[in-house]
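Residue numbers (this note's numbering), protein chains in the order written: chain A, 265 to 521; chain B, 4 to 646; chain C, 3 to 256.
Hints listed in this document are in silico derivations from the structure and should not be mistaken for laboratory results. A hint or two may mislead.
Beyond 10 Å from chain C on every Cβ pair, some chain B residues (computed) [claimed, not checked]:
no.: 1; residue: Q22
no.: 2; residue: V35
no.: 3; residue: D134
no.: 4; residue: V187
no.: 5; residue: K193
no.: 6; residue: D207
no.: 7; residue: V379
no.: 8; residue: L485
Listed next, the stretches of chain B that the computed footprint assigns to chain C, with coverage defined by at least 3 CB atoms under 8 Å from CB atoms of chain C [what the hints assert, rightly or not]:
no.: 9; segment: 148-157
no.: 10; segment: 387-397
no.: 11; segment: 457-463
no.: 12; segment: 576-585
DMTMM-like, lysine to aspartate or glutamate: derived pairs with alpha carbons at most 25 Å apart [as the list claims (entries may be wrong)]:
no.: 13; chain 1: C; residue 1: K86; chain 2: A; residue 2: E330
no.: 14; chain 1: B; residue 1: K24; chain 2: C; residue 2: E158
no.: 15; chain 1: B; residue 1: K193; chain 2: C; residue 2: D208
no.: 16; chain 1: A; residue 1: K427; chain 2: A; residue 2: D491
no.: 17; chain 1: B; residue 1: K646; chain 2: B; residue 2: E327
no.: 18; chain 1: B; residue 1: K381; chain 2: C; residue 2: D208
no.: 19; chain 1: C; residue 1: K86; chain 2: A; residue 2: D491
no.: 20; chain 1: C; residue 1: K50; chain 2: B; residue 2: D377
no.: 21; chain 1: C; residue 1: K86; chain 2: B; residue 2: D377
All values derive from a computational prediction rather than experimental measurement. Using N, Cα and C, we set each Cβ at its ideal position, and we do this for glycine too.
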Amino acid sequence: MFLNALTRILSLPAVGLSRIPGLGPLVRACSTSVGQKIVMAITGLSLCGFLVVHLGGNLLLYAGEEKFNAYAHALHSQGALLKVAEVGLFSLFAAHLGLAVSTGAMSRMARSQSYAMKESKQGIFALPAGGASSWMGVTGVLIGIFVITHLLDLRLKMNPLVKYPAPVAAAEGMTPELNEFEVVRTVLSSPINAVVYFIGIFALGIHLTHGLRSAFHSLGLNGRRWDSLLKCGSLLFGWVIAAGFISLIFWSFAVPR
Amino acid sequence: MVRVAGETLNSKVPDGPIQEKWDRHRFNLKLVNPANKRKFSVIVVGTGLAGGAAAASLAELGYNVKAFCFQDSPRRAHSIAAQGGINAAKNYANDGDSIWRLFYDTVKGGEWRAREANVYRLAQVANSIIDQCVAQGVPFAREYGGTLANRSFGGAQVSRTFYCRGQTGQQLLLGAYQALMRQVGLGRVKMFARREMMDLIVIDGVARGIVVRNMVTGQFEVHTADAVCVCTGGYGNVYYLSTNAKGCNVTAAWRCHRRGALFANPCFTQIHPTCIPVSGDYQSKLTLMSESLRNDGRVWVPKNAKDTRKVTDIPDEDRDYYLERRYPSFGNLVPRDIASRAAKERCDAGFGVGESGLAVYLDFRDAIRRDGEDVVRKKYGNLFHMYEKITADNPYQVPMRIYPAVHYTMGGLWVDYNLMSNIPGLYVLGEANFSDHGANRLGASALMQGLSDGYFVIPYTIGDHLATAHLPKIADDHPACLAAKKDAEDRMTSLLNVNGRRSVDSFHRDLGHIMWDYCGMARNRSGLQGAIQKIRDLREEFWKNVRVPGSGNTLNQSLEMAGRVADFMEFGELLALDALEREESCGGHFREEYQEVDGEAKRNDEQYAYVAAWQFTGYGEEPVLHKEPLSFENVKPSKRSYK
Amino acid sequence: MSGDLLNLTLRIWRQAGPNAKGAFRDYQLQGVSTHMSFLEMLDVLNEKLLQAGEEPVAFDHDCREGICGMCSLMINGQAHGPDKATTTCQLHMRRFKNGDTIVIEPWRASAFPVLRDLVVDRSALDRIIQSGGFVSVNTGNAPDGNAIPIPGHVQEVAMDGAACIGCGACVASCKNASAMLFVAAKVSQLSLLPQGHPERASRVIDMVAQMDKEGFGSCTNTSECEAACPAEVSVTHIARLNREYFKAMLITEK
Numbered sequence: 265m266f267l268n269a270l271t272r273i274l275s276l277p278a279v280g281l282s283r284i285p286g287l288g289p290l291v292r293a294c295s296t297s298v299g300q301k302i303v304m305a306i307t308g309l310s311l312c313g314f315l316v317v318h319l320g321g322n323l324l325l326y327a328g329e330e331k332f333n334a335y336a337h338a339l340h341s342q343g344a345l346l347k348v349a350e351v352g353l354f355s356l357f358a359a360h361l362g363l364a365v366s367t368g369a370m371s372r373m374a375r376s377q378s379y380a381m382k383e384s385k386q387g388i389f390a391l392p393a394g395g396a397s398s399w400m401g402v403t404g405v406l407i408g409i410f411v412i413t414h415l416l417d418l419r420l421k422m423n424p425l426v427k428y429p430a431p432v433a434a435a436e437g438m439t440p441e442l443n444e445f446e447v448v449r450t451v452l453s454s455p456i457n458a459v460v461y462f463i464g465i466f467a468l469g470i471h472l473t474h475g476l477r478s479a480f481h482s483l484g485l486n487g488r489r490w491d492s493l494l495k496c497g498s499l500l501f502g503w504v505i506a507a508g509f510i511s512l513i514f515w516s517f518a519v520p521r
Numbered sequence: 004m005v006r007v008a009g010e011t012l013n014s015k016v017p018d019g020p021i022q023e024k025w026d027r028h029r030f031n032l033k034l035v036n037p038a039n040k041r042k043f044s045v046i047v048v049g050t051g052l053a054g055g056a057a058a059a060s061l062a063e064l065g066y067n068v069k070a071f072c073f074q075d076s077p078r079r080a081h082s083i084a085a086q087g088g089i090n091a092a093k094n095y096a097n098d099g100d101s102i103w104r105l106f107y108d109t110v111k112g113g114e115w116r117a118r119e120a121n122v123y124r125l126a127q128v129a130n131s132i133i134d135q136c137v138a139q140g141v142p143f144a145r146e147y148g149g150t151l152a153n154r155s156f157g158g159a160q161v162s163r164t165f166y167c168r169g170q171t172g173q174q175l176l177l178g179a180y181q182a183l184m185r186q187v188g189l190g191r192v193k194m195f196a197r198r199e200m201m202d203l204i205v206i207d208g209v210a211r212g213i214v215v216r217n218m219v220t221g222q223f224e225v226h227t228a229d230a231v232c233v234c235t236g237g238y239g240n241v242y243y244l245s246t247n248a249k250g251c252n253v254t255a256a257w258r259c260h261r262r263g264a265l266f267a268n269p270c271f272t273q274i275h276p277t278c279i280p281v282s283g284d285y286q287s288k289l290t291l292m293s294e295s296l297r298n299d300g301r302v303w304v305p306k307n308a309k310d311t312r313k314v315t316d317i318p319d320e321d322r323d324y325y326l327e328r329r330y331p332s333f334g335n336l337v338p339r340d341i342a343s344r345a346a347k348e349r350c351d352a353g354f355g356v357g358e359s360g361l362a363v364y365l366d367f368r369d370a371i372r373r374d375g376e377d378v379v380r381k382k383y384g385n386l387f388h389m390y391e392k393i394t395a396d397n398p399y400q401v402p403m404r405i406y407p408a409v410h411y412t413m414g415g416l417w418v419d420y421n422l423m424s425n426i427p428g429l430y431v432l433g434e435a436n437f438s439d440h441g442a443n444r445l446g447a448s449a450l451m452q453g454l455s456d457g458y459f460v461i462p463y464t465i466g467d468h469l470a471t472a473h474l475p476k477i478a479d480d481h482p483a484c485l486a487a488k489k490d491a492e493d494r495m496t497s498l499l500n501v502n503g504r505r506s507v508d509s510f511h512r513d514l515g516h517i518m519w520d521y522c523g524m525a526r527n528r529s530g531l532q533g534a535i536q537k538i539r540d541l542r543e544e545f546w547k548n549v550r551v552p553g554s555g556n557t558l559n560q561s562l563e564m565a566g567r568v569a570d571f572m573e574f575g576e577l578l579a580l581d582a583l584e585r586e587e588s589c590g591g592h593f594r595e596e597y598q599e600v601d602g603e604a605k606r607n608d609e610q611y612a613y614v615a616a617w618q619f620t621g622y623g624e625e626p627v628l629h630k631e632p633l634s635f636e637n638v639k640p641s642k643r644s645y646k
Numbered sequence: 003m004s005g006d007l008l009n010l011t012l013r014i015w016r017q018a019g020p021n022a023k024g025a026f027r028d029y030q031l032q033g034v035s036t037h038m039s040f041l042e043m044l045d046v047l048n049e050k051l052l053q054a055g056e057e058p059v060a061f062d063h064d065c066r067e068g069i070c071g072m073c074s075l076m077i078n079g080q081a082h083g084p085d086k087a088t089t090t091c092q093l094h095m096r097r098f099k100n101g102d103t104i105v106i107e108p109w110r111a112s113a114f115p116v117l118r119d120l121v122v123d124r125s126a127l128d129r130i131i132q133s134g135g136f137v138s139v140n141t142g143n144a145p146d147g148n149a150i151p152i153p154g155h156v157q158e159v160a161m162d163g164a165a166c167i168g169c170g171a172c173v174a175s176c177k178n179a180s181a182m183l184f185v186a187a188k189v190s191q192l193s194l195l196p197q198g199h200p201e202r203a204s205r206v207i208d209m210v211a212q213m214d215k216e217g218f219g220s221c222t223n224t225s226e227c228e229a230a231c232p233a234e235v236s237v238t239h240i241a242r243l244n245r246e247y248f249k250a251m252l253i254t255e256k
C-alpha cells in the first residue's frame, strides 16, 4: 500500500513532464523499469563527471593557498552560469535519488514474501550480501546525509559546529573576502566533520565501484571484450575518487597553519 | 487367437506416382474459404512439436483454436528434451542426398512396416521445416561462413542432420512455442495450461470435444469444437523407467481408444542404445545421451570378461569394438534397434561393465586425440556436462558408461493419410500416431515428423473434414458431454476411494518391471503370455489396494499419476498382446523365436506386412484386430543389412 | 551400489492452496543414498509421507534431465541448490553431508504466486513472450534456410541466449525479483539474428512493458541471476536488451 502510494507520488514529475507537448512519448519510454534505469545511468554518469571536476579543483589545495583561492574566486565570479550549473546539478541529484527510490519500491513490491534463507551463488565478495550492488541503497543514504552536511558547511557556510574564519580584505579599501582555503581547512579539520566526511566519502567509493559499471550496463555499453576491463575500471574509479577526497581530510590536519 | 475384423482398413492414400501423391491430394482436398475459417473451432491437445506447430498454424489460417497442455507452460512439452537434431534432405553437404534417399533410408530404417506414401510426404516437406524454423529465429548451428551446418546420424551415410548444439528439440519447440504465443497474444488461440485431457466426446460418431481436468482447482471442464487434434506424445512411460519426462502418459490416446479409435502397432517401441545406466532402485527416470555422440564416440567392451584393469589402461587389442566388428560399413552409426540389441548381447554374454554389468563404454579418447578437447567440447559440451552431473565421472577422461533404455514409441493411434483416426474429426499428430516410422525410428526423424504433421500436413487435411462433414453446433451441456464428464469424474472419485496401502508409484514400478522384462529388447511367446497374466493381476491389485491421498478438488499430483497409471495398466496388456500376435522380428520388436543364425532380426513379410490396429471392445475384453496391408512399390523389401 | 547413506532434516514450505497460509515443516529422512537425485530424494520422502497417512509434498518437475525448466525450488537459499549450471533435477545428494538440514522453499516473487507447497504459477513468463518474444512469420512464408547467411559467431551468441529454459531461477534469485535475464535472453537472441530485425524495436518495448505489468522488479545489475541460471545465460544479454531499448527509445519509430 505504502509502496504503491510512494511510486505514485514519485511518478508525478514524469506525469508532469509528459504533459509538455512533444515530450510525452519519450517520457513514457523513460518511465518503464528499463527506461528509469537508463535515466539513472545518465544522471549517475553526469554526477561522476561532476565528481572528477570537483576533485580536480579540490586537489589544488595541495598547490597552496594562492592557487586554490584563485580557482575559488574564478568559480564564484561566474555569476548566472554558476546558478544554472547548481540548479542542473541539483536536478541530476534529485532525479537520481527519486528514480532510485522509485525502482527500489518497484523491486520491493515484486517480492511480497521474502525468503527464510537466501544465499548468493556468486563468488567471494569484499562485502557481504552480494557485493557493492547490495549496498547501493545504504551507501546512497549515507552519501545523501554527507551531501547535506557538505552543502551546509561549504555552500551555505551555516554549520553551527564550525567556527568560520572572518572575511579579510586583501588590501586596504577593498571589500573583505573569505579566504576559501582557510574555510576548507577549518571545515575539514573539525573532528565531527572529519568522521562524517570520511564515512560519506567511503560510502561514495563503494557506491561508485558498482555504480559506474552498472550505469554502463544499463546503457547497454557492455561487451564480452571489455566487461572485465569495465569491472576493474569501475573499482579503480570508485576508489581513486574516494582516496582523492579522503586524502584532503588528512591534509587538513597536516597542513601548517 | 484374436478376433480379426473382416474388412481391411482404408488408409486413403491417393493414387498416382509417389512423388505426386501429396500434390494431387492437396488439390483434391476441399478447402474452407478464408472468411468461413473463423466459424470453425479446433481443439489441440498437447503443445509439443506437433501440437504447438499445429495450434499456431491453424490459428494463422484463421481457425479458432483452443490448445491444452498438462504442464505449467506449453514450452515444457517433452519435445524439448530431444538432443541430436532434425533430418532434411537439403543436400547442403553435397554428399548425394535427395528426397528419395531420405525416403529410402526412413522406409528401410523402419524395416518396411511404415506406410510408404506417408514417409515420402515426410521426406518432401522436411526441407520446408528447416526453412520455417530458420525464419522463426531458431539458431541452428552454422559454419563460419554463415551457412547451415550438418552432422551424421544413425542409419544414414549422408550428413543431413541440422542441429542446435545438443538441444535441437528445445530450440525447435521454442520456435513453435513462440509462434503459438504470438497467436495467443493475437487472441486466435486460447491457451489452457495445467489441464489434462480425461476423455474424448464423440457425438453421432464424430469427435466433437474433450473433457479436461483443471489440475489446479480439480474442476472438470467440457470443451467442444469442430475437430480435435491429439498431439500427446508416446507411451514409453508404460515401462516406468524411460527417457520420457515423468508426466508423459498414454491417457489421452487411451481415452480416445476407449471411445473407438484404433490403436496401431503398440509393440513397436524404441529402445535407445545410449542412455546413462540405472544406478539404484530409487531411480525415477533415465537420461539419454544423444545418438549424435556416436559420430565421434566408439562403443566397446573389454575382450576379457571382468577385466579388472583401469578402463583407460586397457589397450586397443583387448577392446572389442563390437559395432565396428559386426557392422563394418555403418560402424558405430548403425540404427538404434541394432545398436541396442548388440549392447544387450554383449552384456548378456558377460562382457558388460560397471557394477551392475549392464553397461558398455562409449569412448571419446580417439576423437579427443584427433580433434582436440575443445572441438569435442564445442560439439557435445552440454551432453558431457549432463553426464558428469549425473554420474560424477568426467567423460573427457574416462569413457562414458551407457546402456539401452526405452525412448520412443513408433506405435500409436491409427490414422489415415490425412492423419485422421477412424473416428471422423479426431486427428492424431506426432509421436501419438503410428504412421511414419514403422518398426524402428531413425535418429533425428521424430522432430521432423512432429513438425511436418503440425506445420505442413494438418493445415491442409483438416479443412477437408470441416468443409465436408455435417457439424451442428454442440452445447456444453449436450447429454454426450455431460456423460463423458461424469465418467471422468467418477473415475477420479473411484481412484480416491480405493484407499488401500500401496502408492501409485510402487504399482507403476511393478508394471515397468513386467514390461521391461517381457516386452523389452527381446520378447518370446511364453514370456508375453505370462506378462499378460501378470499385468491383469497387477491391475486387479491396483484397483483394490492403491492409495491416493488428498482430495479431488485441489492440486493433487498423486491423483494425476493414479489416473495415468490406471490407463497404463490397461494399455500395457494391449502392448503385450500385440507383441505376442506379431510372430516375426522387425525393428524394435525382436522375437527370440524369429532370428537369423547370426542373431539378426528375421522378418516375415508374407504374413506380417500389415499394420495391426486394435479396436477396444470393453474393459478386460479381448480387442479386435484390424489390418491395414502394407505394400511397397518404391522401396522393395529386402534384408535390412547395415553390414 | 547405493553409495554412502545420509540422514537429513528437511525443512519444507507447506501451503495447502493459493490462498492458504503456509508454514515450514520439518521432516526427518534416513538412509538417503548419495547417488540419488534431489527430486528422487523428495520422491522417497513422499512415499514415506504417504505410508504415514500424510499428504505428499507437491513440487513441479517433468523431464528430470535439466531442459524442460519445470523444476524449481530454493534449496538452502539458492535457486536450484548449491551447484552452478545445474537444475534441481540434476542436483545429486552427493552434494550434501550426513546430518545436514536442508531448507526447501518455493520461488518467491509477487509475479509467481504459490499454488501449493513448492509449486508456483509462472504463467507471467508466457505472457511476456506473448507480448513480443517471437518472429512474426506465418507457416509457409519462409525463404530457403541458407538465403541469409548468419556468421557462426553471431549464431553462437544468439544460441547462448536461446538456451534459456524458462525456469524462473533468475527471478527467484534476484534480490529485486526482476525477470530481466529471462526477457533479455529472448530479446538478445532475436535481435542478433537477421530474422528478428524487422520487429526488434517493438519487441523490446512491448516485452519490457509486459514485464513491468506483471510486477517484476527492476534490474540493479547485481549479476546474481547469471550465477543462478542453470543454462548459464550471461548478463551481457541484459546489456544488449538495454542497448536495444535505448536505441528503440531514441531513434526508432513506435
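Here is what the structure says about each hint:
1. For Q22 (chain B), the non-interface assignment is confirmed: its Cβ lies about 20 Å from the closest Cβ of chain C, beyond the 10 Å cut-off.
2. With a least beta-carbon separation of about 16 Å from chain C, V35 (chain B) lies farther than 10 Å from that chain, consistent with its non-interface assignment.
3. Listed as a non-interface residue, D134 (chain B) fails to keep its Cβ farther than 10 Å from every Cβ of chain C; the least gap is roughly 4 Å.
4. Listed as outside the interface, V187 (chain B) is inconsistent with that label: its C-beta sits roughly 5 Å from the nearest C-beta of chain C, within the 10 Å cut-off.
5. Distance check on K193 (chain B): its Cβ is at least 12 Å (rounded) from any Cβ of chain C, clearing the 10 Å threshold; non-interface status holds.
6. At roughly 32 Å, the least C-beta separation between D207 (chain B) and chain C is larger than 10 Å, which holds for a residue marked as non-interface.
7. Even its closest Cβ contact with chain C, about 16 Å, leaves V379 (chain B) beyond 10 Å, as expected for a residue assigned away from the interface.
8. Taking the minimum C-beta to C-beta distance to chain C, about 28 Å, the non-interface status of L485 (chain B) holds against the 10 Å cut.
9. For the segment 148-157 of chain B, the stated coverage by chain C is satisfied: 4 residues place a CB nearer than 8 Å to a CB of that chain, which reaches the threshold of 3.
10. Counting residues of the segment 387-397 of chain B whose CB falls under 8 Å from any CB of chain C gives 5; the rule of at least 3 is met.
11. Counting residues of the segment 457-463 of chain B whose beta carbon lies closer than 8 Å to any beta carbon of chain C gives 3, which reaches the threshold of three, so the coverage claim holds.
12. Only residues whose beta carbon comes within less than 8 Å of a beta carbon in chain C count, and the segment 576-585 of chain B has 0; fewer than three means the coverage is violated.
13. For the suggested pair K86 (chain C) and E330 (chain A), the alpha carbons sit about 59 Å apart, so the restraint of at most 25 Å is broken.
14. At roughly 40 Å between alpha-carbon atoms, K24 (chain B) and E158 (chain C) are farther apart than 25 Å, so this suggested pair is violated.
15. For the suggested pair K193 (chain B) and D208 (chain C), the alpha carbons sit about 20 Å apart, so the restraint of at most 25 Å is met.
16. Of the pairs offered as hints, the one joining K427 (chain A) and D491 (chain A) is violated, with about 48 Å between alpha carbons and a cut-off of 25 Å exceeded.
17. The hinted pair formed by K646 (chain B) and E327 (chain B) meets the criterion: a straight-line CA distance of about 9 Å does not exceed 25 Å.
18. This hinted pair does not check out: K381 (chain B) and D208 (chain C) have alpha carbons roughly 35 Å apart, beyond 25 Å.
19. Proposed proximity of K86 (chain C) and D491 (chain A) is supported: the alpha carbons are some 21 Å apart, at most 25 Å.
20. At roughly 46 Å between alpha-carbon atoms, K50 (chain C) and D377 (chain B) are farther apart than 25 Å, so this suggested pair is violated.
21. For the hint pairing K86 (chain C) with D377 (chain B), the CA-to-CA distance comes to about 21 Å; that is within 25 Å, so the pair holds.
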